[in-house]
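Engineer: Modelling step: build the complete structure from the supplied sequences, incorporating the hints.
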Amino acid sequence: MEIFVKISVFYYITLILFLASLTIRFFYKVFLPLKLLKFFNENKKSKDLIVYNPISVIIAAYNEENNLRRNLIKVLEQDYPDFEVILVDDGSVDNTREFIDELKQKYSNLKYICLKSNNGKKTALTKAIESSKNEILVFTDADCIPASNFWLKYIGRHFINDKEPVVLGFGDYKKEKGFLNCFIRLDTYYIAILYFNAALSKHAFMGVGRNLAYTKSLWYKVNGFENHRHISSGDDDLFINSASGMAEISIELNSQAKTISIPETKWKDLINQKLRHVTTSDFYSFKNKLLSSGDILSAWIFYASIILLTDYYSTATVLMILLAYYLIISVINIILSKRLNCKFNLFCIVLFDIFAMFFYLSIFLLKKLKIKF
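Numbering of the sequence shown is given in our numbering, commencing with residue 6 and proceeding in unit increments.
Hints are computed from structural coordinates only; laboratory data are not their basis. Glycine is no exception: its CB is placed at the ideal position from the N, C-alpha and C atoms. Be aware that one or more of the hints could be misleading.
Unchecked claim - Across the chosen pairs, the derived CB separations fall in these ranges:
| hint | residue 1 | residue 2 | range |
| --- | --- | --- | --- |
| 1 | N71 | K138 | 25 to 31 Å |
| 2 | N350 | N228 | 30 to 36 Å |
| 3 | Y225 | K111 | 29 to 35 Å |
| 4 | H235 | T315 | 47 to 53 Å |
| 5 | T315 | Q278 | 33 to 39 Å |
| 6 | S206 | F352 | 29 to 35 Å |
| 7 | S122 | N46 | 47 to 53 Å |
| 8 | L24 | D87 | 51 to 57 Å |
Structural biologist: Spelled out as structure tokens, the structure:
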């Protein structure tokens with residue numbers, strides 16, 4: 006009798022953990038994507054008046070000559086009547102200056118600022134912002150291209166009626182072969198779902214600097230990057246944390262308004278990139294830390310509890326539960342990713358769901374041990 010009671014208690018604890026973690030999984034993988042799909046449907050017929058306010062596009066670059074040769078012209082040739090592109094060279098030692106000098110012969114809207122030494126992205130952006138002639142600032146990176154010639158139109162349409170919003174865009178990665186590419190793109194997609202929904206819920210806490218816009222007045226109002234200048238990263242998410250209480254946060258989901266970057270091609274480089282990015286998470290509020298980590302924590306509990314449930318249910322039953330789970334999350338995210346024009350298949354979504362647990366556990370341990378590859 007005592008053994009039966011112990012087994013029953015263990016069974017119910019396992020079942021509760023399974024149901025709780027499944028609920029959290031559905032929150033991240035079903036509820037949040039559905040909320041964005043609803044946003045899509047509600048705004049599909051929306052034809053906001055586009056007011057062509059002057060825009061300053063800002064790009065900070067350090068030894069990015071090759072990327073600039075591939076991408077900068079796509080920015081310079083946007084279908085927008087009044088914009089300047091400010092390229093701030095953060096002490097590059099390649100041939101960036103020579104290339105920019107060539108481009109300036111053709112593009113009168115290209116402005117070049119060359120810093121004598123490399124002082125970090127925030128210093129470079131500060132110089133560009135202070136020298137910009139326009140109130141609306143749009144940010145991207147040297148390794149990005151706009152998905153279309155209408156990028157600035159879609160981002161700029163949020164700045165109407167003297168609004169001073171922060172506009173969060175989608176920063177996608179180029180689709181290539183292999184699981185590493187699939188992992189990077191799907192990870193980026195899920196992170197975007199998280200920060201887009203946080204913005205819709207009036208609790209914005211992050212975005213990506215490769216597709217971000219706000220006004221010069223707002224930048225001065227929040228004292229620029231001074232609150233977090235001692236941190237090398239965070240020119241995007243930590244700025245949004247500072248500005249979210251002072252400005253409306255808008256999101257732009259049109260697939261023509263996203264930017265596309267070249268992804269890492271080696272796991273070692275991706276790990277080092279992630280280690281750089283997570284340095285800013287220490288400065289999130291407890292609520293935002295929980296929101297950012299809840300997906301992975303719930304995955305560990307979900308898979309651990311479902312393995313334990315095999316002691317009480319047949320293998321066929323457990324596999325049916327898993328299959329239903331995978332089908333539900335895959336269908337929802339295949340539909341949403343199609344809307345964002347970053348399509349994923351069922352195999353990629355399922356494999357990511359399992360592998361991401363181990364990947365982010367590795368990032369956590371490497372960060373705690375202060376190890377870099």
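Engineer: Work down the list of hints and note, for each, if the structure agrees.
Structural biologist: Status of the hints after comparison with the structure:
1. N71 x K138: 25 to 31 Å: 29 Å, holds
2. N350 x N228: 30 to 36 Å: 46 Å, violated
3. Y225 x K111: 29 to 35 Å: 33 Å, holds
4. H235 x T315: 47 to 53 Å: 50 Å, holds
5. T315 x Q278: 33 to 39 Å: At roughly 37 Å between Cβ atoms, Q278 and T315 fall inside 33 to 39 Å, so the hint holds.
6. S206 x F352: 29 to 35 Å: 32 Å, holds
7. S122 x N46: 47 to 53 Å: 50 Å, holds
8. L24 x D87: 51 to 57 Å: 56 Å, holds
When the structure is compared with the earlier hints, a violation turns up for hint 2 alone.
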